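Please dock the two separately framed chains into a single complex, following the hints provided.
Going down the list, the protein sequences come from chains A and B.
Note that numbering that gives the first Met the number 0 numbers the first sequence so that position 427 is 426, with each residue one more than the last.
Note that numbering that gives the first Met the number 0 numbers the second sequence so that position 252 is 251, with each residue one more than the last.
Misleading hints may appear alongside valid ones.
Said to hold, decoys possible - A partial selection of chain A residues facing chain B, derived with a Cβ cut-off under 7 Å:
id: 1; residue: 46
id: 2; residue: 71
id: 3; residue: 81
id: 4; residue: 862
id: 5; residue: 863
id: 6; residue: 877
Claimed, not checked - If you want the ones that stay clear, here's a sample from chain B, every Cβ over 10 Å from chain A, calculated:
id: 7; residue: 39
id: 8; residue: 49
id: 9; residue: 52
id: 10; residue: 55
id: 11; residue: 78
id: 12; residue: 100
id: 13; residue: 139
id: 14; residue: 147
id: 15; residue: 151
id: 16; residue: 153
id: 17; residue: 155
id: 18; residue: 171
id: 19; residue: 193
id: 20; residue: 224
id: 21; residue: 246
To be verified - Label-pair ranges, simulated between beta-carbon atoms:
id: 22; chain 1: A; residue 1: 315; chain 2: B; residue 2: 262; range: 29 to 39 Å
id: 23; chain 1: B; residue 1: 157; chain 2: A; residue 2: 305; range: 32 to 42 Å
id: 24; chain 1: A; residue 1: 170; chain 2: B; residue 2: 42; range: 13 to 23 Å
id: 25; chain 1: B; residue 1: 85; chain 2: A; residue 2: 207; range: 43 to 53 Å
id: 26; chain 1: B; residue 1: 174; chain 2: A; residue 2: 351; range: 38 to 48 Å
Calculated from the structure, these hints are not laboratory results.
Just so it is clear, the structure is predicted and the values come from calculations on it, not from any experiment.
Positions of the beta carbon are idealized from the N, C-alpha and C atoms, including for glycine.
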Amino acid sequence: MNLPMDPGLRSLVGADLAGMALSVNGAPQILHCAPSKRLVYALREDLGLTGTKVGCDAGDCGACTVLLDGKQVCACITPAGQAEGRNITTVEGLAEDGKLNTLQQAFLKHGAAQCGICTPGMLMAATDLLSRNATPTEAEVLDALGGVLCRCTGYRKIVEAVLAVASNDVVLDEAPVGAAVGSRLARLDGPAKLTGAEKFGADTIPAEALSLRIIRSPHARATFTLGDLEAFRAAYPQLEGIITAGDVPENSFAVFPTPKDQPVLADGHVRFRGEAVLGLLGGEDAIRAIPESAVPITWTVETALETSVAALAAKKNALHDFAPDNVLCRGRVVKGDVTRALKQAAFTAEGAFETTHVEHAYIEPEAGYAEVFEQDGKQRIRVFVCTQTPYMDKEEVARVLKLPADAVQVVPSAIGGGFGGKLDVSIQPLLAVAAWKMKRPVRIVYTRPESMVSTTKRHPAQMQVTLGCDASGQLSAVDFVGDFNTGAYASWGSTVANRVPVHASGPYKVANVKALTRAIYTNNAIAGAFRGFGVPQACIATEALMDDLAEQCGMDRFEFRLKNAIRAGDQTATGQTLAASVGLAQCLEALRGAWHNTLGDVARKNGSRSDSSGHGNIRYGAEVGRLRYGAGIACMWYGIGNTVIANPSTMTIGLRQNGRFILYNGAQEIGQGSYTIMPQIAADALGVSVALIDQIHGDTDLTEDAGKSSASRQTFVSGNATKFAAEDLKRQLCEKLGVSAEATLTLEGAVLVGRAESGEQRLDLAKARTDARGDIALGSGTFSPPTIALDADGQGVPYATYGFAAQIAEVEVDMDLGTVKVLHIHAAHDVGRAVNPTQVEGQIHGGVAQGLGLALMEEYISGRTDNLHDYLIPTIGDIPPITTYIIEDPEPIAPYGAKGVGEPALIATAPAIFGAIRQATGVRVAFAPCTPDRLRQLIKGQGT
Amino acid sequence: MHQTQYLRPTSLDEALLVLADRRFEVLAGGTDFYPARVGKPVDVDILDITRVSSLRGIRDEGRLFRIGAATSWSDLIAAPVAAPFDAQFAGLRAAARDIGGLQIQNAGTVAGNLCNASPAADGIPPLLALGARVELASSKRTRSVALADFVLGNRKTLRQPDELVTAVLVPKWRAGSRSVFLKLGHRRYLVISIAMVSAVAALDDAGRVALCGIAVGACSAVAQRLSGLEARLIGRPAREAASLVAAQDLKGLSPIDDVRGSAAYRMDAALTLVRQAVAQAVDAGAAP
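Same shape as in the complex, but just chain B (with noise of 0.2 Å):
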């Protein structure tokens, strides 16, 4: 049997060294590695991140958060962040306490959530809808791409395989703004969504849309930003919201059948969750 190798490095210099060489599958939390594996030995080399402290945290780098790629569930839903800016992590914490369950959640992580790129990841649309960018580097080179554009499909990143995602960017919304994550499943934990909504909004002083992000999951390959109906609640009285959203602003989605639900049922039941989440993100974001 083909011995395979399980390398740890402490430092990122060295992980990407790893990875300049040849081929290794990026392992972090293992919570989707090893499910792909059962009943099946373990015949790939490892890259296991987890002791490279740099990637571990959220660190506030003034216009934006940086969530380090090893960053786990329970880190992001226990990090501290500072007031104003606190409730914009609110949908992405919520995702967070309905990955998996406790086990789950104390050993995925974020970045793991994005680079998996299932069509049900509950972490990527409340980053998509805080606009989040994911921070690739590689022994040559970093660069950073919006997480909307790092998504390729199911399952398919642009991840190069010298690369190694090393943070995901959050930039900073106004003080005040709230995000909200709504998960629709079957049953209460350890649950695929059926469909999942995330939207943030910052009102005005005049208790308008001065900004907003709304991303619909598990209603095509990628989840999607609804940029339309965003752009249509900018300027609009936040009680006003949530009734301007239309059947129409979930034309880009492409929701399947699945044994999760069918098409015209996830495509029914988004826009009751946008709608809900809307009307949620909106009225929190009038508090003071």
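Chain A on its own, in the form it takes in the complex (with noise of 0.2 Å):
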């Protein structure tokens, strides 16, 4: 490589042997890495500063803002060279002398943190703002905060927190002893989301790791024969090492027993485009160079069964030889005679409903290691990686490897967003059978467009749904057949076809339904769990349908809602009665006013186009002005834990001779509180305060199996274990002291005190004797919820609870252009006991912000959106005030009432959305998502 000719050029060359000097949080720095190489990787992996995230590696995202000169740059697109001579900032600067900064100290407060993977960008991008102007509008927020993608929060906590700076509203709500449980204790896990301190997947990395490369398929379908590998390798001597099928020792994995379906590397044969194929292991930079032209591989391609259509066709060629018509798995719920109600029915509605792969587009791409280990003289395996169910990845993991399950440790990271996505099997035995090949460390941390090609999405769905009611408004009858592309394998394919059918009815009392579902392999992308299992999907199709019942019985919508809600005492479409805990009439009764105010808004900005027949169903006629708005009303149900099949969680809690309590907790945090909301419930069952509780999460070697964060089910199912351990530990502790059950419990320092009537009585700690593992005593509670198996006509009892909610969305559509401004969410939520009333909030916005999203703008498309600028989630700007109204019926099995919110949250949105469209527009939208250049053509279809 020949230097310009002019030799005073030479001075300009890069990494040069003194290194480029910078100021990073206020401290000299040298790197001496190459000035091309982007800013973030060198913070992290030369400075060790992990707290800047990498999202996207594209400027798309936001979470490797750090301030450059005090100004906000992505630094995953900055050069190392430019930061040369120049001031950094980045998380890690923030907390003044070891304590939050008022903004963190904001965050922290207002539930602005919540998986805490964008936390740093908005920090920064905040801290840019607020030192440019210290009291901003709401509006300078956003447009300061505009380029920090967030896809847990739904934005608002972050804009309240960054104006809550400006008037000093930072002091944490208190968690009084014995009412733990309501209060607003702020994440205990904050902190360490806001300093930077939290280590997610890719912010560990053991000494000696080699990168681990996935070569993919380019193809759908397609054979395929592996080359001369050996010669392959010695054309590129920085290649420790490939792994292929051959190296795998059981090639078969999945979420369910049956069918293990997918293989961890494909054997000649692959089913969807970005399969995984063969593995490349040496240096990060060194298999990257490596061109994928060069890898020995030679194809040929397939036709691929493309949709759901196609695959039921096909009268060959299969996906698999198991399923020769390529339907996985088929949910059935039938009650009463649908076919003969609907014949009686006064009025019927019908439909036909599509939705497309949505993405998960958690801000933090699969990451983490895996390494060989001694221990006793066995070797095992261990597994650090962001998960949402550490117990299933070690099963998994011991199934590839043909190891026995304890020989398999998994250690889940801090979680940047799951939603499902990271309820799957992804890199874990990718990582297991090359570090177990290799016997050295092997790391993988995917890229934005490997992580979205290859994890799964939510299921395209094809619904043809009828529903019926007498004269009255009584709803009698729903017919509902959908059909759910699983894609390549089956994954959580089974869990949409059952689950859906249980909902498909909604929230509402009808005497006749059948619901039939097929959950159908096709050669698209997998697609497997993601918030709310197929039930938002069906819920587009029968509120929209909902809303023609209405219109045809010149019934309010709210009022024809209210009318037909599910109540106590009532029987679902499995023949469940409902005992308790039914809150959607009070979820509705709660949204009476702002339906009235939204309808009132919405008829005022209309001016006298608008119909004034009180109905609610306002429809235009040919006169229309180019801003039009509309209201739109939604409810839901969702079944909290798995749908019949078992899922006990069992927590465990120790006190030691340092006088605090150790709560074992492998309710995996994913964002969505565990890590708070257990010491929340177990510090009440104690009757002690919150502060005394430490915890260790996850672990496998070191917490009992508290089962995945899914299906909504840890505050319901490990919430309980977590109650029922205190309690048990509170009765051990008691006998220790030789005091009643009923004595209350206080810890003087190292001394556990007992008070009750007959008395006070101390136990010093510090010389009481300890288990192994240093436990004076060790409570544990175990529970899973109480269900009866479904029969051939899906009649039983799939859960032990369910949550309910209504939702009314308002909105401004731009006739003429066809785009939708959500301008504001009201969000009832029937949660039975808000244990953490902020952290519920935070699942709501967080859920309304996704199905705004599903409603609008999420559509993947394999090779197409692989990225976060062509699949499209809400900015900040997006996300309108969202008023949320939390209703508690409680639930009498549940600890202290409390169900689930996760997925709840997410599934009335879009329905309410396309309702509000439909009201502003005289549309029924019938596609998900309802894009501009869609609603722009129904708009032009209806001729005005």
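Printed below as a string of structure tokens:
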């Protein structure tokens, strides 16, 4: 390589021996990396500052935002060379004297961090703003933070937190002894997320780790042969190893026991674009530099079955031999006689509805490492990974390596968003196979396109639905047929096929229900778990038809739903009588005022053009203004926990010699708050301050199996297990003290004091005997929701309890452009009991944001939207004010009455928005997402 | 692995000397360079021009404004421009505020947006409407070409490997001329345009359109001026201008179907946006 001729230019060459001097968080630093290295990796790798996150490497998400001379930039697209001689501020530089600064404190108080992966970026963007403008308006906050994406919070609490800095509204809420449940206790893992200390999947790398790069299929369906891998290795001496299907001891896995249909590495046959074929091992940059074209793979492309319709019609070439019709699973719930009921119905409404692939778009791409280690003379493997389900990972890793389960330890990292996407097995078996073969630590960090192309999606749905009601507006029949495109492998397809029929009649009392579903194999991306397991798709269909029926009946859409709302004592479509905690009617009543205000608001904005029938079903004539307004309402219900399948949780809690409790919390924190909620529950069950509880979280060697962070189950299921464990511990401690079980326990340093009517007893913990782990006593609790298996007609008790919700959307539609702006969401949710109202609101806000994305913009197309600028999720400017109404109709068998809210938060939003679009425009939206071009087409089609 | 070079000259002469020698990738904000290399190491030699201070900032040069090639979108938004001419930059500034988030605006440059030559480049329609020129320099010569000629196609410009874009030259419009920029996207921030329109207009004392420029982006491989429409609007009363926009005026566009929208939708939306942009440009221009 020749330098330019002029010798004076030599000084311009980047990485010379002196390195590049810069200031980071006020301290001088020298970077010795290449000046073209992305600044974010220079910070993370060369300086060890892993608080700055990588979400996309393309300037699309803002997770890597740092300040360069005080101004926010994306460190992922800034060359390290441009930082020379300048001042960089990262999230690690915010805390002052080891204490959270005012902005961080505001984030903590206002619940502005959930999973925490976007938090550093948000904090830096806000720091930039506040340094220029100490008292910003909301609009200024939106503009300043507009470059950072968040998938958890729905942004509103972030805006609230930034605005709270000016008013210094940052004093944390108390969690009083005996009343931790119900308090707005700030998240216990908050400080780590706000300082950058939290370790996500990519933030810990063992020394000597090899990087793993996966070569993936460019074809949706093909056979292939591998060429001369030895010659390939010889050509690329930087390659330290290769893994292929032949290296996988048991090359099949799945989330369910059958079918174990997915290979870790494809064995001569690929079934979707992005399927893993081969792994390259070596130094990160070295293996990345190998051109894909050099990898010796010969492809024979086959015709792919690209849609459910094509897969069902195919007479041959099924994806899997065991499913010759390409049907993975059928779901069925039948009650009464739908055919007769529809014939007798005074009004019927029917329609076909369709939804597309939706990407989870968590801001943290999959990342982690695996390492083999020796313990007690045995080889074990440790997998450190971002996951919603450490115990399932453990089973599947043991399976593919053909090892006993106790040879595997899964240590979950902090997880930068999951939403069901990290409820599946992705990098775990790849890392395990590579580390086991190489006997060296192996790490992988998916790029954004790799994460998007290879991991699961929400099931595209095609639904044909008919509803019937009598003349009074009483629902009499729901006929639902739904096909769910599950893609190349089973994943959670059967869960979707089984959950949807149970919920297909909506949260209404309906005597006659027929709901049939199929999960269908196609050569598409794998569809798996995504917040709601198919129920959000079904809800779009049924709620649109509820609007149809209301109109036919001449009833207000709100009143029509209230009339049909399922109530305590009513029977569901599966024949389950709901005994208690059926808060839909309360949710609706809580929204009554908002509904009428919104209708009034809409009518006023639409001016004289709107119809004044009072039914809330306004339609327009020919004269249409460009901006039109509409209100929509939708209801939902959601079974908490697995559908029939046992989903027990076990939690344990001990007391140590230092006078502190330790909760072995296996309920994986994924941003939803289980790291905070479980201690709140434990504290009240023990009658002590939550501040006395330490935790060990998630590690499969150290905690019991608390099941998956899925199906909105942790608060209900693991919350109960926690409560039982704490009660068990209290019993044991009272026994040790010799006081009655009703005694009050307190800790005076390391002295346990029990006070009962009979008097006071003391125990010096420092002198008490402990078990091997150091616990003086260990309480244990297990809970599995009571259910009854469904019979051939889907009759039984699929869930022990249900969450309920009603939401109102107000929208503005530009009739000429087809664009929709959501102006306000009102969300009323029956959560049984809000263990932590701030976190319940946070779940609702985040669910609404994802529901808005589902409704208006999110459409994953493999090969075309594998990044965060073509795949669009809502930004901070897209989420309107959200008013939450927390309804607490306690569930008797839940911990303090609490049910889950994670998935319920999302389900009603899209149908409420579609109802509002319909009122504004007169068109019924039957396809999600309702993008501007689709809506404009619909509007033109109706001739306005 | 190939050891790549990264040069950071501080003067234009040095930069041009580097380019004269052999091929370097020119980098300023990096906002297009790195996204094109996700998951791939940097394997090209880089000429970073951000330390060439003479390339930064906006200068009034009498008949025109010179926007230096390393001027960021944030620089442009903040740059003071003499009052009579400030409003002619309103459209370009509006486009700047819609380019990525503040992070991108702080790093990305006006000239880089032109050089990247995306059909959806937000900077091109406002500059096209204003009649901007692009100045290119090499160690041998300096030339300037009309922006419309500079961009040859999707990601293609007429810049030669030994040339550096040194400035964008924006002519001074009649005092009081105002430009507007309308962007259509699926979401509020961080969005690639489905379609966009910029219009600039000056009115005469009688309230008639004296001068105007109208350009549409993301509806053809290269953003297009609607010169037929512009010619028709000259001399017409401002209040009539928007109503004179007809579907026929968009005939030269050739939008494609892609993930952001269908070709038919783009044409439909572009017509709406052009009407709106014209209405706003002449309305604002009517103010003394």
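Here is how each hint holds up against the structure:
1. Hint status for residue 46 of chain A relative to chain B: violated, with the closest Cβ pair at about 19 Å, above 7 Å.
2. Below 7 Å, beta-carbon pairs count as interface contacts, and residue 71 of chain A has one with chain B at about 5 Å; its hint therefore holds.
3. A cut of 7 Å between beta carbons decides the hint on residue 81 of chain A: the least distance to chain B is about 6 Å, and the hint holds.
4. Because the closest C-beta pair between residue 862 of chain A and chain B is about 10 Å apart, greater than 7 Å, the hint is violated.
5. Below 7 Å, beta-carbon pairs count as interface contacts, and residue 863 of chain A has one with chain B at about 5 Å; its hint therefore holds.
6. For residue 877 of chain A, the interface hint holds, since its Cβ comes within 7 Å of a Cβ in chain B; the closest pair sits about 5 Å apart.
7. Consistency note on residue 39 of chain B: stated as away from chain A, yet its beta-carbon is not over 10 Å from all of that chain's, at 6 Å minimum.
8. Not every Cβ of chain A is farther than 10 Å from the Cβ of residue 49 of chain B; the closest lies at roughly 6 Å, contradicting the non-interface assignment.
9. No beta-carbon of chain A is positioned within 10 Å of the beta-carbon of residue 52 of chain B; the least distance is around 13 Å.
10. No beta-carbon of chain A is positioned within 10 Å of the beta-carbon of residue 55 of chain B; the least distance is around 13 Å.
11. The beta carbon of residue 78 of chain B sits about 15 Å from the closest Cβ of chain A, which is more than 10 Å, so the claim that it is off the interface holds.
12. For residue 100 of chain B, the shortest C-beta to C-beta distance to chain A comes to about 2 Å, within the 10 Å cut-off, and the non-interface label is violated.
13. With a cut of 10 Å on Cβ distances, residue 139 of chain B stays outside the contact zone with chain A, its closest approach being about 15 Å.
14. Here residue 147 of chain B stays apart from chain A, with its beta-carbon at least about 27 Å from theirs, past the 10 Å limit.
15. The non-interface label for residue 151 of chain B is consistent with chain A: the shortest C-beta to C-beta separation is roughly 24 Å, beyond 10 Å.
16. At roughly 16 Å, the least C-beta separation between residue 153 of chain B and chain A is larger than 10 Å, which holds for a residue marked as non-interface.
17. Its beta-carbon lying about 21 Å from the closest one in chain A, residue 155 of chain B satisfies the requirement of being farther than 10 Å from that chain.
18. With a least CB separation of 29 Å from chain A, residue 171 of chain B remains clear of the 10 Å interface cut-off, as annotated.
19. A beta-carbon of chain A comes within 10 Å of the beta-carbon of residue 193 of chain B; the shortest separation is about 7 Å.
20. Distance check on residue 224 of chain B: its Cβ is at least 22 Å (rounded) from any Cβ of chain A, clearing the 10 Å threshold; non-interface status holds.
21. Remark: the non-interface label on residue 246 of chain B is consistent with the geometry, its nearest Cβ contact in chain A lying 13 Å away (cut-off 10 Å).
22. Between residue 315 of chain A and residue 262 of chain B, the C-beta spacing of about 37 Å keeps the proposed range 29 to 39 Å intact.
23. The hinted range of 32 to 42 Å is satisfied by residue 157 of chain B and residue 305 of chain A, whose Cβ atoms lie roughly 41 Å apart.
24. Roughly 53 Å separates the CB atoms of residue 170 of chain A and residue 42 of chain B, a value that falls outside the hinted 13 to 23 Å.
25. Between residue 85 of chain B and residue 207 of chain A the beta carbons are some 60 Å apart, a value that contradicts the proposed interval 43 to 53 Å.
26. At about 59 Å, the beta-carbon gap between residue 174 of chain B and residue 351 of chain A misses the expected band of 38 to 48 Å.
Of the numbered hints listed earlier, those contradicted by the structure are 1, 4, 7, 8, 12, 19, 24, 25, 26.
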